[in-house]
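Taken in order, these protein sequences are the chains called E and W.
When the count follows our numbering, it moves up by one through the first sequence with no breaks and lands on 344 for the last residue.
When the count follows our numbering, it moves up by one through the second sequence with no breaks and lands on 427 for the last residue.
Think of the hints as simulated: they come from the structure by calculation, not from any bench.
Fair warning: this is a prediction, and the values are worked out from it, not measured in the lab.
Cβ coordinates follow ideal geometry from the N, Cα and C atoms, glycine included.
Be a bit skeptical, because a hint or two may be false.
Claimed, not checked - Result set (DSS-like, lysine-lysine): computed pairs, CA atoms no more than 27 Å apart in a straight line:
#1 248/E - 170/W
#2 170/W - 205/W
#3 90/E - 170/W
#4 248/E - 90/E
#5 400/W - 36/E
#6 36/E - 90/E
#7 98/W - 36/E
#8 296/E - 233/E
#9 45/W - 98/W
#10 92/E - 248/E
#11 333/W - 36/E
#12 233/E - 92/E
#13 90/E - 98/W
#14 98/W - 92/E
#15 333/W - 400/W
#16 36/E - 296/E
#17 92/E - 400/W
Said to hold, decoys possible - If you want the footprint, here are the derived chain W segments under chain E, 3+ residues with CB under 8 Å:
#18 154–167
#19 375–383
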Amino acid sequence: MLGTVLAVGAASRAFARSGHSGKMTSTGQVDNARNGFDPHDMLTDWDTGIVSRRSDGRRVRNFEISAIDREIEIAPKLKFSAWTYNGRVPGPTLRVTEGDIVRIQFSNQGSHAHNIHFHGIHSPRMDGLPGVGEVLPGDTFIYEFEAQPYGCHLYHCHSTPLRRHIHKGLYGAFIVDPDPERHSEAINVARSRLLGTEENARWQELLMVMNGFDVNFDEKNEVYAVNSIAHAFAKRPIKIDRQRPVRIYLINITEFDPINSFHLHANFFHYYDHGTTLEPTSKTIDTVMQCQGQRGILEFSFADHEPGMYMFHAHQTEFAEQGWTGFFEVT
Amino acid sequence: MGANKIWLYGLIPILALTFFLGAFILIDPVSRLGFSSPPVENLTVERMRVTEHGFTAKIRAEGSEPMILAQVMVDGAYWVFTQDPPGPIARMHSAWVKIDFPWVADEVHHLRFITALGTTFDHTVDVALKSPSPSWTLIVDYALLGIFVGLVPVAFGMLFFPAIKSLRPGGLEFILALTVGLLGFLFIDMSLEGLELSAQASALFGGSILVLMPMVLTFVALLAIGNRSGTQRNGRQLATLIAFGIGLHNFGEGLAIGASIATNEVALGAFLVVGFTLHNTTEGIGVISPLVKERVTLPLFTGLALLAGLPAVPGIMAGALIFSPHWAAVFFGVGAGAILQVIVAIDHFGQSSVRVGHSKSRFTGASVAGYCAGVAIMYATALMLTV
Chain E
14 MLGTVLAVGA ASRAFARSGH SGKMTSTGQV DNARNGFDPH DMLTDWDTGI VSRRSDGRRV
74 RNFEISAIDR EIEIAPKLKF SAWTYNGRVP GPTLRVTEGD IVRIQFSNQG SHAHNIHFHG
134 IHSPRMDGLP GVGEVLPGDT FIYEFEAQPY GCHLYHCHST PLRRHIHKGL YGAFIVDPDP
194 ERHSEAINVA RSRLLGTEEN ARWQELLMVM NGFDVNFDEK NEVYAVNSIA HAFAKRPIKI
254 DRQRPVRIYL INITEFDPIN SFHLHANFFH YYDHGTTLEP TSKTIDTVMQ CQGQRGILEF
314 SFADHEPGMY MFHAHQTEFA EQGWTGFFEV T
Chain W
41 MGANKIWLYG LIPILALTFF LGAFILIDPV SRLGFSSPPV ENLTVERMRV TEHGFTAKIR
101 AEGSEPMILA QVMVDGAYWV FTQDPPGPIA RMHSAWVKID FPWVADEVHH LRFITALGTT
161 FDHTVDVALK SPSPSWTLIV DYALLGIFVG LVPVAFGMLF FPAIKSLRPG GLEFILALTV
221 GLLGFLFIDM SLEGLELSAQ ASALFGGSIL VLMPMVLTFV ALLAIGNRSG TQRNGRQLAT
281 LIAFGIGLHN FGEGLAIGAS IATNEVALGA FLVVGFTLHN TTEGIGVISP LVKERVTLPL
341 FTGLALLAGL PAVPGIMAGA LIFSPHWAAV FFGVGAGAIL QVIVAIDHFG QSSVRVGHSK
401 SRFTGASVAG YCAGVAIMYA TALMLTV
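Chain W on its own, in the form it takes in the complex (with noise of 0.2 Å):
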């Protein structure tokens, strides 16, 4: 009886403010305050890729009315084009511009999209050149790129483990305050990343709030889950959560190496791969780093390094074939908050099972001297990543 009440109340004011929008739609009583003026229009090239034939975009209507797309110039000239599907875009929705153009390899070419109403909206081409397309050599390619970028330097990371083992607790409490750090500079990192696609995505979709609110609630999402099985945590659990942002962190890197190789703005090279390498390895010192105290096995280390390094091939594979701004910035938000939430469990893990003393401090010297190096040796590789 109770349960219906609740019901009918809500559904009073439910139906009086339907009644009210409807009749505030149908009187217009504000007209006369001048509603009619021109209609803001504003316009997103979400994606451009560059083909054999020309340039084809993906563009998104931010404006107040359906948006008329009536020419495109590329360089000062007009070039027909066609739009998929035709027609005026509706506010939220996007479409296809394809124009055929004899685009000039290395150069730079200046789009200029103009609608009915005259207002224009410029993209520059910074490399004109072809875009990849999915192919089996191109996948198996990428994989490859993948593994050597991301498998790979994690795994001589964890090589590291015998000499770890060997430290003395203060040895591992610079490991585990060197882990810290080199995680704090990741979800910095992240965050920035994230906001700046943010940014180069439609403003519809919010600007910084498309980070943000993913970054919270995944952190919270995390620690409720974490705090659910006991807040006592052991090595494996801890390797395991490590490997797990590390992993997420990879993904977000391959997303973003993906989409400079796609608008060709990245030098791929030897020493790209050396710069990846020198920067990951550290993130696979990060991943061992709670297991010096616990039994180990290959199977373990195995999967560890998969979860950790691995995801960098389907981040390659996304950034260079189906990248789009919106969902980059979500993803960068997600894994910054899984990575901020693993920092607080190495936290966590350090004042029950390492650092020793009354006091626990989380400032001794050897602390202070790893958050330190984390964070340097991070930047120090950082320097030599040109994507």
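One chain only, chain E, in its complex shape (with noise of 0.2 Å):
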């Protein structure tokens, strides 16, 4: 009788065989059209406004910025109500050069106060905190400041509570790329950077946000992502061509948790903290940290490896566990 329930015991333990690959994901796909937004669309859709002069014949971008309610597909059937700027999570990825005067009408469509906070050099004016350019519903106002100084930057509401407002997904990245004519000691870097030249046309650029997303109001995220979607790359990989070097503009705007990362799989990048400087920061690393605020850009090349599936992710494993895992197809 006792050999009977050890013999049953025994059984029970010889498992374990299945589920080690391809299972570790979320289930079902994410109906992107009906978000109104693609995060793969994201990596690549540079809006540089409409171009003005001004009097003083200085050029200016022009952006229109509406904030609207919206509830949002961050993992497949989870929904998610957020706070967006035009309708997307993230915003629209302001890129303008170095010296322009960007200037942004904001109008607030949603239901409570909000503004735009820039990381920038600018007046304390413009600078979005409450009482200053904070816009009630229905109301709107006029952001007008130099794009000082060159780098990857980003803008994010900065309403009270703090939290909840960059949480919900009020921010988007604003890129200021260098002028080459103020930097002739690296002009033909300053090139590379500018958007629309012959140079940057070489490189396959990518824009990642790194968010996160609270669904059961507990103070944790229960969703990671780049672009909003959890497993977005994963899915879907980014296809690379090997020929071109790869720049991704990579910016951390996670709540909730004090740090997120980045590494790379099978190849080391060059890191440029706040993309303000033509020279890395970091040399030849595979993994760099970024607290909420921080960004860089990270530069690569895959030009000696095979052609592959290389795998890039946060080091948080559980952030890589909950959403935010990518990969890139190296053809």
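Taking the hints as your guide, dock the two standalone chains into a single complex.
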């Protein structure tokens, strides 16, 4: 009798043969069409605005941004009530050149007071603090400042309660390309960073905004992602041409977690913290850490690599397992 | 003519109510009160099977609106799952959720179910070991286990019959009181177990009502049946009644053992069997206590032993293979009600056939010693049970 009991116990131990691959991901597909935005498109949809000239001859980049409440799908079937800039999370990727006058007409079509706080050098009147440039629902405000310094920056809402306003989706990328004429000592590097030049066209540039979502209000994120959709680049890898170097504008706006990170498989990169230098601030690393609001530029190449799938993900494994994982499909 | 009038008068309010409800739903006059707020969602994991491939869970939805299961996490990672039947789960409906997952033997695993609205429900698998699945060897194993923990101890208890038969009347009073004591212990034990189970079950089923209503109904029904066959009950009838009540209890014990086997929370082994043997032997004494003045035959003894002890076998099988907390709760309620009625029957028997003297006190020295001994022995032997 005891023997039978022991035999039952042994059989129940003989297991663990399945499920070690392919199944650790979210179930199903997100409907990007219904969301109104696609994380893949966001990799490269730089918004350079409408160019005009000011009376003093300065070039002005004009943008229209509206705060809109919108329910989005962040993982298959999982809905999130978001506050968005222009109906997408993250908001439009503003890309201008160093020295441009940036002019943003911000209209609040949401249900709470909002504003826009830019990471850059500007007047306190244009800083987007509560009380200054705070826009009530239905109102409009015009932000105007010079794009300085060059680099990879971001903007986000600064209304209170601050955590909720950021976490619900009011953030976006703000990229200021260096003006080659101001950087004669490294003019080629500067030209390669300026959108529209021949040198820049050689690069495969990607925008990645690392974000997270707390769906059950326990002040912890249940979903982590790049460009809002969990596992988006794991289910649909990013196609990379080996012959062209890769530049990633990486921004961390994850709420509730002190840091996030980016780890690249099988390859190393140079990193430009904040993107405000033309020389890398860290050379030959494969994992970089960013706290909320930190951002930078990664540069690497697969020229010496075989074609294949190269994974990239947060090296907080918890984040990777909850949606922040992707693949480069290198051909 | 009078009957027709009743139908007519009954029909009018029913029609009026139907009309009113229909109009209310269509017109929705209280919509401005904000009944459109997000639905309340709730989910109960009724069963959790650990299989060769991963986990299979039966979940029941309790929300005010159909619930959509969006994602499932195991230990903080999203894992692909299948749901059968797929689609939104309506209130009170259930679905099986299957997750392929390489669980680690003997370790704790945390599951989290996330609905489309973002509500999360957690469930912990305390000890990951493969759940039993039906096979002939398993059935035979469970049958053997049931016989060892149910039938054998009761039979041993009944072997005390010659000893009890030689007792003086005071001794018989003691034994009867011992039986009442042990049954009282069983009554409370089953009620509490039942309440625990009803708490585990989906809240839709009403919580403790799930145990209390069957208990009361069983008690009343058995009393009524008993009264119909006359108030005087002879020893054999009472012994049968006691065996029946103890049989129900042993079925419940089997359910508990089986469920613990299924969730791997029982340390199966010789110690457990010894514990049950001592615990249930006392029950065997209880069965035969009313028989001292009767003529007994071997078929009667055998029948009583089987009635009291064998139900542990189907109990273990049901508990391991088809356990669901709400049915188990109902069953425990029924068992408790039956035991309560048996206590009443024994008391009656004691008053009519055993206690002597014109006072016929229920609280003589022997009786009180008996009640206490019954409870104490059951409690002490229960301490040995790790289930």
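(request) Please name the hints from earlier in the document that this structure breaks, with their numbers sorted from lowest to highest. (result) Of the numbered hints given earlier, those the structure breaks are 1, 2, 3, 5, 8, 9, 11, 16, 17 and 19, listed in rising order.
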